[in-house]
Amino acid sequence: MTSALTSPGWWRGLFYFLIGAGFGFGLVIALRAISGLDLYQTEPTGYPHIVVPAITGPLGFLIGIGCFDYWFRWCAGAPTIPDDHADHGAKTWKDYFKVNTDHKVIGIQYIVTTFFFFFAGGFLAMLMRAELAQPGTQIVDPGVFNGLFSTHAALMIFVFVIPVFAGIANYVLPLMIGAPDMAFPRLNALSFWMLPIAGALFLASYFVPGGAFDAGWTGYAPLSTGAPLGQSFFNLGVQFAGASSVATALNFLVTIITMRAPGMTIWRMPLLVWANLSTSLLVVAATPFIAGVQFMVLFDRVLHTNFFQAAFGGDVISYQHIFWFYSHPAVYIMMLPGFGIISEVISTHARKPIFGYRLMALALLGIVILSYTVWAHHMFVAGMFEWLRVPMMITTLLIAVPTGIKIFSWLGTLFEAKIHLKSTAMLFSLAFIVTFTIGGISGVMLGMIPIDIHVSDTYFVVAHIHFVLFGGSVFTIFAGIYHWFPKMTGRMYDERLGRIHFWGTLVGTWGTFVPMHWIGMEGMPRRVADYAAEFGNWNLMITVSAFILGAVQLVFLYNMIVSWRYGPKAGPNPWRAKTIEWQVSSPPPIFNFDEIPRVVGGPYEFGVPGARHAIMAGEEAEVKRPEPSRAGIGAPS
Amino acid sequence: MESASLAAGAHPDDHHHGPPEAHESSKIDRQTLGILLFIITETMLFGAFFASYFFLRVVANEGPWPPEPFELPVLIAGFNTAILVSSSFTMHWALESIRAGNHRGLKMGLVSTFLLGATFLFIQLNEYVHIGFSARDDAFGSIFYGLTGLHGAHVFIGLTLLAIASVRAFRGHYGPAAKDHLGVEVPGIYWHFVDVMWIIVFVTVYIL
Chain A
1 MTSALTSPGW WRGLFYFLIG AGFGFGLVIA LRAISGLDLY QTEPTGYPHI VVPAITGPLG
61 FLIGIGCFDY WFRWCAGAPT IPDDHADHGA KTWKDYFKVN TDHKVIGIQY IVTTFFFFFA
121 GGFLAMLMRA ELAQPGTQIV DPGVFNGLFS THAALMIFVF VIPVFAGIAN YVLPLMIGAP
181 DMAFPRLNAL SFWMLPIAGA LFLASYFVPG GAFDAGWTGY APLSTGAPLG QSFFNLGVQF
241 AGASSVATAL NFLVTIITMR APGMTIWRMP LLVWANLSTS LLVVAATPFI AGVQFMVLFD
301 RVLHTNFFQA AFGGDVISYQ HIFWFYSHPA VYIMMLPGFG IISEVISTHA RKPIFGYRLM
361 ALALLGIVIL SYTVWAHHMF VAGMFEWLRV PMMITTLLIA VPTGIKIFSW LGTLFEAKIH
421 LKSTAMLFSL AFIVTFTIGG ISGVMLGMIP IDIHVSDTYF VVAHIHFVLF GGSVFTIFAG
481 IYHWFPKMTG RMYDERLGRI HFWGTLVGTW GTFVPMHWIG MEGMPRRVAD YAAEFGNWNL
541 MITVSAFILG AVQLVFLYNM IVSWRYGPKA GPNPWRAKTI EWQVSSPPPI FNFDEIPRVV
601 GGPYEFGVPG ARHAIMAGEE AEVKRPEPSR AGIGAPS
Chain B
1 MESASLAAGA HPDDHHHGPP EAHESSKIDR QTLGILLFII TETMLFGAFF ASYFFLRVVA
61 NEGPWPPEPF ELPVLIAGFN TAILVSSSFT MHWALESIRA GNHRGLKMGL VSTFLLGATF
121 LFIQLNEYVH IGFSARDDAF GSIFYGLTGL HGAHVFIGLT LLAIASVRAF RGHYGPAAKD
181 HLGVEVPGIY WHFVDVMWII VFVTVYIL
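Just so you know, the protein sequences line up as chains A and B, in that order.
When we follow the numbering used here, the leftmost residue of the first sequence carries the number 1, and every step to the right adds one.
When we follow the numbering used here, the leftmost residue of the second sequence carries the number 1, and every step to the right adds one.
It is possible that part of the hints are untrue.
Unchecked claim - Here are the simulated distance ranges between beta carbons: (1) B:Val74 with A:Ile19: 41 to 47 Å; (2) A:Ile449 with B:Phe89: 49 to 55 Å; (3) A:Thr2 with B:Glu24: 40 to 46 Å; (4) A:Ala551 with B:Ile199: 55 to 61 Å; (5) B:Asn102 with A:Gln41: 51 to 57 Å.
To be verified - Now the stretches of chain A that chain B is said to cover, found in silico as 3 or more residues with beta-carbon under 8 Å: (6) 170-183; (7) 413-426.
Simulated from the structure, these hints should not be mistaken for laboratory data.
Every residue, glycine too, gets a C-beta built ideally from N, C-alpha and C.
Using the sequences and the hints given, assemble the complete structure.
Spelled out as structure tokens, the structure:
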């Protein structure tokens, strides 16, 4: 037992969590005792004796589980011990529950954890739809409903969509660029372990006095500065998720810039790498804004500062400006990696080079730059500066240009291609193009000031965000998971179940979110537990569709779990793709490569005779032979 | 040729050899690039507080700034600024020393940088005690403590990094080759950032 408490792992993590939480609790009580205050401050917004342990406890857990062991030793200046790579790679399933520095293990840790939160958030959505099935009160009262939609959004955005892309890229990206691992493997592990903490904090808010945070995922002040204790858990969860996201983005940027294989110039990088480069630039520069503003809200709540208290010179609108300066770029953080996945899947399954490869990459960078100039289009009715409206409308509409370039390039890639419809990944990619285009068009509508004023805070907005976030991001996530499932597990998934999942998801998505446009136009307000009787039938249809959508995700879950265990062996390159990750075994060797491959051409040279993207270590010897056999040159199958 | 045949031969247990050396596709090393990117993040974190500052000062505030009856001790803060700026020079001295292989200069430079930084933090805390208003007194108090406190937290982080570098320097870890003193160079870059950021905070909060 003592060894369990001194060596890294869950027992020590739990132990240090208790120490950390106890320290935070004691600190607050001691400070309050010294200051001559009541020991326990239990105003709804206060509870410092719970808020501070909610920071120090998780930090203790991170130390205990072993994220910092190497660094502490390094900091103390102890003699260097050669790395035996003991924390690299997973031999049994138990290794996935430990701090691991292998990007492939971390990638799977990310994906499994985020999908846990996806199902948790999805369950909350089902409860919401059950409540909204008919006018009046069905299963929850309005207060609980506010908590449901707030936690649903927070879980889906901060601990599902954003990090699951980091998980997929974590697995695939180092392989794609021919790197043995990420640039900072230990930081990578720390990034992952902060993520379950963020999700746990969001969920823990259900168990504190006052219930779950209920000011929406946007947490606008002064609604959030006066909300009960749960809101502080939102503030803190966002900090952990944000820190995780920034650390991962730094890691991706450094990896992409400094660790590409010889011959991989920037114009030979696969578009997934370009997409993650762009996303990481957004994360690094935008995420601190939400960190800052959530700190201010927390200070207003717990320390009684006046950042957003208008009566004391505070500025309420400034919350929205600072919040959206992160959260608008954040919608591209949630979309650009998906663009990268779609490019990989479509090119591979259409057997054609990407149409306009360079413009695809430049369009990503264009979106990065433009996305910083559009934040106030979320605030047309907020009472902000009048003069800012029209410039923000223009920049918002401009974003449709690089996005349109991408859509048309995918269509150009598909044009006269041999499209393989057998793969579920390809089905999701094709559905993504259609659904996302519609979501994008409703985004252009919302960018126009008069329409925005008309449909502000209605279900039209809900329909738009779910078309781009579910029909957009989540479809790309499914495409990515299906596409790289054989690479990650070494086994094939069941295509028949995949197709059931696809068609159910497509029908469910459209059935749920298309009618929301109409009832939104008619004026049904969002974020309300009850509504006018005239919307009853549409809402019943939406609820039924949402239940189909929810139920069919269980098929996905079943398919993934069973195929991971019992699926037929996949072989290294079932899709006959060109990028480097498909040239190694499935799953890849523990250190990815024996020798770093050499890149000799573009990543999508399908149908070009003799074209190679990369030459792997073993193959080089074959090519060098005086009499090369033709078999050595053709694409491996 | 030898390496190719080595790669072709299967390793019976691949846990016993390490990863292949990554190809270096950029001249900049990972740690330096990492800290530069992290500084972008940090700058934007300050940016959030500066944004709040200007909203409170320009948009929400109508009278003079600082609003009545607040006053700021510009002279003491200016003196403190000089202390922090001088610590950048001692940091540079430490780095130049180890580049020349001078371990004594490295240790002296790191310790004097640490002491100057600690003096800055001490004077700032002293300023907080005697300034006569708290973070609860109007939005002005909130953003004053917000900005200077955020910076103070960064000084604290910088001091922690300097302490680590000092401990390692005293235990004989650094050398003149570029890759052997990254543990001095990287905290140094961060420390210069903390310095420059203070000049911006000082000019904004106390002078403008």
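Here's how the hints hold up against the structure:
Under the hint 41 to 47 Å, the C-beta atoms of Val74 (chain B) and Ile19 (chain A), about 44 Å apart, fit the expected range. Roughly 53 Å separates the CB atoms of Ile449 (chain A) and Phe89 (chain B), a value that falls within the hinted 49 to 55 Å. Remark: the range hint 40 to 46 Å for Thr2 (chain A) to Glu24 (chain B) is upheld by a beta-carbon distance near 44 Å. The given range of 55 to 61 Å is respected by Ala551 (chain A) and Ile199 (chain B), whose C-beta atoms sit roughly 60 Å from each other.
The hint said 51 to 57 Å for the Cβ distance between Asn102 (chain B) and Gln41 (chain A), and at roughly 54 Å that hint holds. With a threshold of 8 Å between beta carbons, the proposed coverage of the stretch 170-183 of chain A by chain B holds, since 5 of its residues qualify and at least three are required. As drawn, the stretch 413-426 of chain A meets chain B at 0 residues by the rule of a beta-carbon pair under 8 Å; below three, the given contact is violated.
Hint 7 from the list above is the single one not met by this structure.
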